[in-house]
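Peer 1: Add chain B to chain V, keeping to what the hints say.
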Amino acid sequence: MIAVVGLLLGILAGLLLEPAVPEPLQPYLPIAVVAALDAVFGGLRAFLDGIFDDKVFVVSFVSNVLIAALIVYLGDQLGVGGQLSTGVIVVLGIRIFSNVAAIRRHLFHA
Amino acid sequence: MPEPARSRLARAFVARPGRGQLVVAVLLASLGFAAALQIRLTNTDGDFSGQRRQDLVALLDSLSSATDRTESRIDELEEARDKLLTSSQRRQAALEQGRSELDVLAILSGTVAATGPGITVTVTDPDGSVLAASMLNGIEELRDAGAEAIEVNDQVRVVASTSFTEVADQIVVDDVTLLPPYVIDAIGSPQTLSEAMVFPGGFSDEVEELGGAVGVEQLDVVRVDSLHEVEEPEYSQPTDR
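Chains as they are written, first to last, in the working numbering: chain V, 1 to 110; chain B, 111 to 351.
Same shape as in the complex, but just chain V (with noise of 0.2 angstroms):
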């Protein structure tokens, strides 16, 4: 309940307060915002499965995240920052594929 109150809240709070978000920043948010939605799935997922563990997810969303980061600032330094991101994007979109299709299994049993 209240991780979807934390969630509405987080929105709402981009949507308001229009913060500026720093330049060098910015190639890194979306790949940081697909990652951190692959780790919130496979968050979802182990709780349907009876597995989950706070500190697992904050560890996993917390390393999601930077490491999705470190890959793309890698491959901007070596000068395919565009291709990488397209393939982190990519491996990111089907690991929440796999996480969705097993929690569509766990609540509709389908």
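No lab work stands behind these hints: they were computed from the structure. One should not assume that every hint holds.
Calculated from the model, a selection of chain V residues having no Cβ within reach of chain B, i.e. all distances over 10 angstroms [as the list claims (entries may be wrong)]: (1) L29; (2) L74; (3) G87; (4) V88.
Reference listing, derived: stretches of chain B covered by chain V, where coverage requires no fewer than 3 residues with Cβ under 8 angstroms from a Cβ of chain V [as the list claims (entries may be wrong)]: (5) 162-174; (6) 299-313.
Please read all numbers here as calculations on a predicted model, not as lab measurements. We put the beta carbon where it would ideally sit given N, CA and C, even for glycine.
Peer 2: Quick look at chain B alone, frame taken from chain V:
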């Protein structure tokens, strides 16, 4: 075991929030925050501040090559325009040259009225003894002095084919019988023309010997209004120039 997952979810919703839920809430809040921010950024970002250097370079390249193409197109079009302009100018020049030639020829052939500085020569002939030969001499003197357009008695334009004859002691010019006094209008340099009329032993002396008199008047504006009708040449044809 069909229920556990759903019931666990339902229980989590109504359960008293514990430490785990709080942490998840904070993380989800940050996720929502970042997502909302990114969406807003993507929607409002008209400029290229969020773009990668590589993408910007590629964009710049395509833009500059498009610029090159457009510029070469501009060059082509300007060249074509210049070509058209010069050709139309050339045509204009040819047209103007043709027009001035037309003016010259029209005045020479006597098909248009002419005006300009010149003299009026009045020949009085009380005895009726000034005949075609003398008249022709006078005309020849005028032509020699550079007269550009000549008419006699405001009736006959004197051109290349003009004839001077006599019928019953009267001067006939181009089938028109002239009656004295004879008035010759000539366009040209007034000074030169009048000198050509009055020099010793010239036209005026000749007329005076015959008992007539010559009056020369220099004018700033002489009008030669009578016209000569040009007929199509029947026998002669122009050869290639």
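Peer 1: Which of the stated hints cannot be reconciled with the structure, identified by number in ascending sequence?
Peer 2: 1, 6
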